[in-house]
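Got chain D; can you put chain X on it based on the hints?
Spelled out from the first residue to the last, the chains are:
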Amino acid sequence: MKETNISRRSVLKGTAALGMASTAPMFFVRNAYADGYLNDPGDASSVTLGFNVPQTGAYADEGADELRAYQLAVSHLNGEGDGGMMNTMQPLSLKGNGILGKKVEYVTGDTQTKSDAARASAKRMIEKDGAVMITGGSSSGVAIAVQGLCQEAGVIFMAGLTHSNDTTGKDKRRNGFRHFFNGYMSGAALGPVLEKAYGTERNAYHLTADYTWGWTQEASIKASTENIGWNTQTTVKTPVGAGDFSQYITPVLNSGADTLILNHYGKDMINSLTQAVQFGLRDKSVNGKDFVIIVPLYSRLMAQGAGEAVQGIFGSTNWHWSLQDEGSKAFVKSFGAAYGFPPSQAAHTCYVQTLLYADACERAGTFMPCEVVNALEGHKFDGMGNGPTEYRAEDHQCFKDVLVVQGKENPSSQFDVLEVVEVTPRAQVEYAPDNEFFAGGDLGPCNNGAA
Amino acid sequence: MDAIFLQILNGLDKGGAYALIALGLTLAFGTLGIVNFAHGALFMLGAFCAVSIQALLTLSKKVKDESITFFDAYKEQPYLEIWWGDIGTTIIDYAVPISILAAIPLMLLIGLSMERGLIRFFYKRTHAEQILVTFGLAIVIQELIKANFGANPIPTPAPDIVSGSAKIGSALGLSDAIVYPWWRLIYLSFSVVVLAAVFAFLQFTTFGMVVRAGMHDRDMVNLMGIDVERKFTIVFGLAAVVAGLAGVMYAPILPPDYHIGMDFLVLSFVVVVVGGMGSLGGAVAAGFLLGILQSFASMNEVKSIFPGIDQIIIYLVAVIILLVRPRGLMGRKGVMED
Numbered sequence: 001m002k003e004t005n006i007s008r009r010s011v012l013k014g015t016a017a018l019g020m021a022s023t024a025p026m027f028f029v030r031n032a033y034a035d036g037y038l039n040d041p042g043d044a045s046s047v048t049l050g051f052n053v054p055q056t057g058a059y060a061d062e063g064a065d066e067l068r069a070y071q072l073a074v075s076h077l078n079g080e081g082d083g084g085m086m087n088t089m090q091p092l093s094l095k096g097n098g099i100l101g102k103k104v105e106y107v108t109g110d111t112q113t114k115s116d117a118a119r120a121s122a123k124r125m126i127e128k129d130g131a132v133m134i135t136g137g138s139s140s141g142v143a144i145a146v147q148g149l150c151q152e153a154g155v156i157f158m159a160g161l162t163h164s165n166d167t168t169g170k171d172k173r174r175n176g177f178r179h180f181f182n183g184y185m186s187g188a189a190l191g192p193v194l195e196k197a198y199g200t201e202r203n204a205y206h207l208t209a210d211y212t213w214g215w216t217q218e219a220s221i222k223a224s225t226e227n228i229g230w231n232t233q234t235t236v237k238t239p240v241g242a243g244d245f246s247q248y249i250t251p252v253l254n255s256g257a258d259t260l261i262l263n264h265y266g267k268d269m270i271n272s273l274t275q276a277v278q279f280g281l282r283d284k285s286v287n288g289k290d291f292v293i294i295v296p297l298y299s300r301l302m303a304q305g306a307g308e309a310v311q312g313i314f315g316s317t318n319w320h321w322s323l324q325d326e327g328s329k330a331f332v333k334s335f336g337a338a339y340g341f342p343p344s345q346a347a348h349t350c351y352v353q354t355l356l357y358a359d360a361c362e363r364a365g366t367f368m369p370c371e372v373v374n375a376l377e378g379h380k381f382d383g384m385g386n387g388p389t390e391y392r393a394e395d396h397q398c399f400k401d402v403l404v405v406q407g408k409e410n411p412s413s414q415f416d417v418l419e420v421v422e423v424t425p426r427a428q429v430e431y432a433p434d435n436e437f438f439a440g441g442d443l444g445p446c447n448n449g450a451a
Numbered sequence: 001m002d003a004i005f006l007q008i009l010n011g012l013d014k015g016g017a018y019a020l021i022a023l024g025l026t027l028a029f030g031t032l033g034i035v036n037f038a039h040g041a042l043f044m045l046g047a048f049c050a051v052s053i054q055a056l057l058t059l060s061k062k063v064k065d066e067s068i069t070f071f072d073a074y075k076e077q078p079y080l081e082i083w084w085g086d087i088g089t090t091i092i093d094y095a096v097p098i099s100i101l102a103a104i105p106l107m108l109l110i111g112l113s114m115e116r117g118l119i120r121f122f123y124k125r126t127h128a129e130q131i132l133v134t135f136g137l138a139i140v141i142q143e144l145i146k147a148n149f150g151a152n153p154i155p156t157p158a159p160d161i162v163s164g165s166a167k168i169g170s171a172l173g174l175s176d177a178i179v180y181p182w183w184r185l186i187y188l189s190f191s192v193v194v195l196a197a198v199f200a201f202l203q204f205t206t207f208g209m210v211v212r213a214g215m216h217d218r219d220m221v222n223l224m225g226i227d228v229e230r231k232f233t234i235v236f237g238l239a240a241v242v243a244g245l246a247g248v249m250y251a252p253i254l255p256p257d258y259h260i261g262m263d264f265l266v267l268s269f270v271v272v273v274v275g276g277m278g279s280l281g282g283a284v285a286a287g288f289l290l291g292i293l294q295s296f297a298s299m300n301e302v303k304s305i306f307p308g309i310d311q312i313i314i315y316l317v318a319v320i321i322l323l324v325r326p327r328g329l330m331g332r333k334g335v336m337e338d
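If you're matching them up, the sequences are chains D and X in order. Following this note's numbering, the numbering of the first sequence begins with 1 at its first residue and continues without gaps. Following this note's numbering, the numbering of the second sequence begins with 1 at its first residue and continues without gaps.
Hints in this document: simulated from the structure, not taken from any laboratory. The beta-carbon is built from N, C-alpha and C at its ideal position, and this holds for glycine as well. Each hint can be trusted.
Here are the simulated distance ranges between beta carbons:
hint, chain 1, residue 1, chain 2, residue 2, range
1, D, Gly440, X, Thr69, 47 to 53 Å
2, D, Gly307, X, Met209, 47 to 53 Å
3, D, Asp129, X, Tyr123, 46 to 52 Å
4, D, Ser412, X, Leu56, 24 to 30 Å
5, D, Gly199, X, Val302, 30 to 36 Å
6, X, Trp83, D, Gln428, 52 to 58 Å
7, D, Glu152, X, Pro326, 48 to 54 Å
8, X, Asp72, D, Lys95, 26 to 32 Å
9, X, Ser175, D, Gly444, 53 to 59 Å
10, X, Ser189, D, Asn410, 35 to 41 Å
No more than 16 Å apart at the CA atoms, straight line, and that leaves these computed lysine to aspartate or glutamate pairs for EDC-like:
hint, chain 1, residue 1, chain 2, residue 2
11, D, Lys196, D, Asp290
12, D, Lys329, D, Asp382
13, D, Lys196, D, Glu422
14, X, Lys167, D, Asp283
15, D, Lys333, D, Glu80
16, D, Lys408, D, Glu308
17, D, Lys289, D, Glu201
18, D, Lys333, D, Asp82
19, X, Lys61, X, Glu81
20, X, Lys75, X, Asp65
21, D, Lys95, D, Glu362
22, D, Lys333, X, Asp72
23, X, Lys303, D, Asp210
24, X, Lys231, X, Asp219
25, D, Lys170, D, Asp434
26, X, Lys75, D, Asp416
27, D, Lys103, D, Asp40
28, D, Lys333, X, Asp65
29, D, Lys284, X, Asp176
30, D, Lys170, D, Asp395
31, D, Lys95, D, Glu80
32, D, Lys95, D, Asp82
33, X, Lys146, D, Asp110
34, D, Lys329, X, Asp72
Next up, chain D with everything else stripped away, as it sits in the complex (with noise of 0.2 Å):
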């Protein structure tokens, strides 16, 4: 008879860790349907929000409108000032007593454009301050890793200002929702009409902000720009804060591209957009071409900084203060009554997502974060500035139309710098769950986190 090496202690010591092995997923997912939940204010009169904006670096300015926003979106919650547009929004359970009853009230954390500073401004809000929802962010890097974080914790995130197609694509997360669109979009409302612009033969330089946002628009863009016929000549990625872009717009001066497609965000935006025009780039004909920059992503807060330099070029925006619905007419008024001028699509963006997660807890009838996830999984809605919008269940990306917009050659105002040249319909924006640019991510399952 043949004799084996198993002894009763290996036996017995297998058996263990195959019992560990098995119950380990249950114990990262053990909250998930737990009766309690992180921060649950209870019988407290108020609840408390985390509003974790840059507050300094590249994207403070984006940050301090964000801030402003929230500020607004409390005080309209709260029952005070005009409401804003808890008097358009469609359907609407918000009653202007805070939320739930309870006093809405909040914390803020300075990210600084950074991961790790988010992430330890988030945690501190989430452990120390008790939030049950942190929100906010100029940053797809910052979103993502945020994102996470909340994930991990058990508290919902709504995502502030993220564009990058991973933080609804591979970067997913249950507890996470995005209202602000990507970089598919961007591509996709601006092909037909740089199309009817500049025609179908183009070469493309890009220079790319390197970074998780950066990479995806580029891709997205690109893409765009080729189904259209353009030629992309040579991408180059360029460091996050760079400050002096010149060593990068040298070589687009004799490259032969007839076109630059600046692929940055706030103050680099700035700084890598005036740099270009100094060079003369905006002056330059190639190939019997004039040559042309495009700013995929725009906000008019970056539109003031560049100043002049912006003048005719083409970007999209997620949305724009002199928008006419009833909607955006409303939250330019009481943004504007609060703060002496009109909010940028940071601001909206932020101010909308706190909006939709007091209505969720409002129909969900509680803070619990799987509860608000159901409520807002699916939500369709009107009244908050871009149209009928819907929160897509299966990626948590809301889908509403996309704005075309064009630096205004005769501004009537300092506030007057951009142009909506066309509302790209919802439909030539959408893009199906499993496409190629938002592939290999998971929604997992909801967490409530430790009670």
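Okay, now just chain X, sitting in the frame of chain D:
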């Protein structure tokens, strides 16, 4: 060929800034023996001289913006424009050149105060302690600027007349594709003039001769009855003026923020080390050399062979030079070798 010409120009223009800062660092080190980590803050203070003068010239009255009808919006109209019309607008347009005149006495005062008020107490201390105290000072200055001006970069444009680009290619009979912004060309010329002026001052004046002698052998100069320390204090003030002027002139190229000095400081220290500690000529040569190398490393042809080389080239060159020539390009024997 055009691409190479453009990158050389670009490298020289960057190198001008590196050389100006590195020159001041080397002067302070060569004379007072101080490793001054607050030198970047002096560059930043210079840039904020331009910001302050611009703010002063654009002091404004709030006027209702009639183009916004759905809420009360206000726009700012500078008093200079209200009082003097087009002349006021022109004065505002020239905020940066005006700042140069203001920066010279101001930076001299700041430099002398810094040396007399703090740095002189650390002459006999170790380099590590000097680094700690000057780095701390830099952080304090940074935070003061942040508290007063905020964290965002502040656009400080050059005068309109030099806001475009020069067609140097066609002027030199080369390709029309070679154009370069006027202000960057002015910056390059300015840095060459300032560097030449500093060298001439040290080379052709009695004061400069004493300073050079003191850098070589301080005790001997003291024994000859010359108060060399007083002269070195003035040199520190001069280094502050050079750094400040570099900052003022750089403001239209890169909108200043509180961190701009620290961004340049690290690179400038590398420049000083590559040039050779205490060597003025080495600092200037290394500044231009590293600026040009950085520009070349950003060329697509180079990056296609060595991806990411543009981010590390300066440090890579520093490592290689220090391996081959441990004292740097023009370093003197005995400096920082104890």
